[in-house]
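The task is simple: from the sequences and hints, build the whole structure.
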Amino acid sequence: MSLTKEAPPAPATEPVLRKPSTRRRLVPYWLLLPGILWLVVFFALPLVYQASTSVQTGSLEQGYEVTWHFQTYWDALTDYYPQFIRSLLYAGTATILCLLLGYPLAYLIAFKAGRWRNLVLVLVIAPFFTSFLIRTLAWKTILADGGAVVDVLNTLHVLDVTSWLGWTENNRVLATPMAVVCGLTYNFLPFMILPLYTSLERIDGRLHEAAGDLYATPATTFRKVTFPLSMPGVVSGTLLTFIPASGDYVNAELLGSTDTKMVGSVIQTQFLRVLDYPTAAALSFILMAVVLIAVTFYIRRSGTEDLV
Amino acid sequence: MPVLRWLRRHLIVIAGLLTLAYMILPNIVVMVFSFNKPNGRFNYSWQRFSTDAWKDPCGVADMCGSLSLSLQIAVWATVGATVLGTMIAFALVRYRFRARGAINSLIFLPMAMPEVVMAASLLTLFLNMGAQLGFWTILIAHIMFCLSFVVTAVKARVMSMDPRLEEAARDLYAGPVQTFVRVTLPIAAPGIAAGALLAFALSFDDFIITNFNAGSTVTFPMFVWGSAQRGTPVQINVIGTAMFIIAVLVVLAGQLIANRRKKAQP
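Just so you know, the protein sequences line up as chains A and B, in that order.
The first sequence begins at 1 in my numbering and counts up by one.
The second sequence begins at 1001 in my numbering and counts up by one.
Any given hint might turn out to be false.
Here are the computed lysine-lysine pairs in the DSS-like style, where the Cα-Cα straight-line distance is at most 30 angstroms [stated by the list, open to error]:
hint	chain 1	residue 1	chain 2	residue 2
1	A	Lys112	B	Lys1262
2	A	Lys112	B	Lys1263
3	B	Lys1055	B	Lys1037
4	A	Lys112	A	Lys224
What the hints contain is simulated information worked out from the structure, not anything from laboratory work.
Small disclaimer: the values here were computed from a predicted structure and weren't measured.
Structure follows, in structure tokens:
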């Protein structure tokens, strides 16, 4: 290889554009091919299959046929709208709680923890390493009737208030909406804290000093400087919490009762036990549509389009 | 009131620590109840101290089998997702090609979809193909949903790489392969490692997609789910506690190594 044959070095800022030769030009496609093929076959194609299943009629014994039976969607909605509304309500509440609980902790790690920062970060991620089902079952112990938590809430008459609001029943927490929301909040908190922390950590500390120098109170500094700059974290954190929470059925099944069933439970039961595939497919399509519309709308509103 | 003033000044720290306590509490309960000797089939209320479960962690039928199955699936899913995901991430950052937008959304969508939707639709595909549900269908599903997370993690690292390092390698007569192995890969390694760790954790702990596509195969999360109905053996808590301790030790060891490296090359 001689020096004269070398292409002139590209400017440092534009390394992407090299002199294209046919072989070079094909490189990205070869790199993409296996992974993208995997996603097309096992993610996109199944969605097409499911769309087709949702408009089929028939029975398990005689087989199903596409009959464009859109009535299934209507039936599914009229039969299961309480579970739908409940799912969105629980997931929404859990998301707001995650934001309220997670923000101080993310802020603490980013600005106040000092040399304890790595330790606290490890503690935030550490629960991940115990199977989430085991940890969710632990809430059964924590919230048990006659346990410390219920006793304290009873003595403080908190449960009277929550019962009046319909969140709890008969002075117990387990098997009520409150337990389910508590479990959802707990399970998805790390998904809120980590993006929040990442965006808070990027904030230049001198901005706080500057705000202080310009006579902003700490509250004003937070409202006008810190919070707006942490918006990307808030947006991706709320999405990472709301999306999985809306389809979750683990918390509702383990910590709730038949009155707290979420739409994920219904899809699972229809699919794996009742074997009513069209209804299950229609339900999961409705859930997907609702979530995608909500997410698109939310991302547009918050103006953070480059999340990935 | 000085107490109130102190509270106000440290409000954020107090709130943050309370959240931390909320997050750690169940782990402590899991740990404490691994030393319980329950009266019935369920390990939900404290009876008396015992180390029986720790002495015989595999004493429950089928539990350790499901655990080793979960580990195998997690290892292979991590390998598959990391290789495929790293390739995609390099292509996305380093090259220009057609259909970029479509490919980006194909990678984003699995992360923006409730798991139960992916689970149900994948099962529809497998049923239509007449596939035998079990190890392979679980592995396929896990690689699918881990892929996007690996791409995101590796992409972030590759994007922040200084391209001049590779140019320097080329200027010093390193061939493309040598440049990649000696320069590019070591710099991208932390991103790849982060992606792989995430994939392992996601796969090992996955329940919803696995539950749909496992057939009669039982992974560890599925075993725990089943035991919530049949009766929870104390051994579940032993495994949970052991996993927790091992993971914390691994993380701490990693930090120690990283710190030492930092000191070695200032």
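Comparing the hints with the structure gives:
For the given pair, A:Lys112 sits about 23 angstroms from B:Lys1262 by alpha-carbon distance, which is consistent with the 30 angstroms threshold. Using a Cα cut-off of 30 angstroms, the hinted pair A:Lys112 and B:Lys1263 holds, with the two alpha carbons roughly 24 angstroms apart. Under the criterion of a C-alpha separation no larger than 30 angstroms, the hint pairing B:Lys1055 with B:Lys1037 is consistent with the structure, at around 13 angstroms. Taking the CA atoms of A:Lys112 and A:Lys224, the gap is about 19 angstroms. The hint holds against a cut of 30 angstroms.
Hint violations for this structure: none, all hints satisfied.
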